Amino acid sequence: MQCSCYTITRFTPLSLLYKCKRHHPPPQLASPLHCKPILQLKNAHGDCGPGSGKGTQCANIVEHFGYTHLSAGDLLRAEMKSGSENGTMIQDMIKEGKIVPSEVTIKLLQKAMHDSGNDKFLIDGFPRNEENRAAFEAVTKIEPAFVLFFDCSEEEMERRILNRNQGREDDNIETIRKRFKVFLESSLPVVKYYDSKGKVQKVDAAKSVDEVFEVVKVIFTPKDEKVAV
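Numbering-wise (my numbering), the sequence shown opens with residue 592 and increments by one.
Fair warning: there could be bad hints in the mix.
Claimed, not checked - In silico lysine to aspartate or glutamate, DMTMM-like type, Cα no more than 25 Å apart, as pairs:
| no. | residue 1 | residue 2 |
| --- | --- | --- |
| 1 | 689 | 710 |
| 2 | 808 | 734 |
| 3 | 783 | 721 |
| 4 | 808 | 776 |
| 5 | 814 | 734 |
| 6 | 814 | 742 |
| 7 | 790 | 710 |
| 8 | 732 | 801 |
| 9 | 790 | 706 |
| 10 | 772 | 722 |
| 11 | 698 | 710 |
| 12 | 788 | 728 |
| 13 | 772 | 805 |
| 14 | 793 | 721 |
| 15 | 732 | 694 |
| 16 | 711 | 801 |
| 17 | 672 | 654 |
| 18 | 689 | 706 |
| 19 | 772 | 801 |
| 20 | 732 | 747 |
What the hints assert, rightly or not - Label-pair restraints from in silico Cβ distances:
| no. | residue 1 | residue 2 | range |
| --- | --- | --- | --- |
| 21 | 753 | 789 | 29 to 39 Å |
| 22 | 677 | 799 | 19 to 29 Å |
| 23 | 769 | 673 | 13 to 23 Å |
| 24 | 695 | 744 | 15 to 25 Å |
| 25 | 728 | 776 | 12 to 22 Å |
| 26 | 814 | 768 | 34 to 44 Å |
| 27 | 672 | 795 | 39 to 49 Å |
| 28 | 734 | 814 | 36 to 46 Å |
| 29 | 654 | 676 | 30 to 40 Å |
| 30 | 795 | 768 | 41 to 51 Å |
| 31 | 744 | 789 | 20 to 30 Å |
| 32 | 742 | 722 | 17 to 27 Å |
Hints are computed from structural coordinates only; laboratory data are not their basis.
Every value quoted in this text rests on a predicted model; they were computed, and no experiment measured them.
No residue lacks a Cβ here, since even glycine has one placed at the ideal position from N, Cα and C.
Using the sequences and the hints, build the whole thing.
Given below as structure tokens:
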């Protein structure tokens, strides 16, 4: 399977976008994904990702480029509800306050990608940290071609979160700053890892939604195609 992979952050966790060209018949799940990915990380200027506009831009990407959205959290919950042996193990670990092994989440994501019938995916909520990233690359054999970094000040992200009308119970200044701290400690090292390899491209996320998406469209559009208006 040949593919391109992108990632975008959502609050603490990062998210992945895959664009895969499938061979027929489709490969078995046990087979590694042989891809050259593009990784997008949406985040603050040395701060964190909450409120950087990722949700809006991801929705635009799904609509404009036909990606299938996959949530790592939703997949874990669905597996628990299935009553499978794997689901019971996940449920027991969560009840005990343990972290679900990266390989378990990665296999669920691979299966969902394989079963979707699509060749482009937005994976939300994974990887969350360097261990997730390393495990993902080891299992899938994917290393991103570049990283897209949505650059936004902490002050602007705080303002956006506090002003939005989503009714989230944790949209208060104390919790928001804790999420920023978690992002800095857990997720930002993933950005720095790829930056050290010269793969990070920054986008000014402080601009309007439309202005940001114009830049995103250029990045997502193959160089031999015109950017759609």
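* To do: Just pull the numbers of the violated hints for me, sorted ascending.
  => 1, 4, 8, 9, 13, 17, 18, 19, 20, 22, 23, 24, 28 and 30
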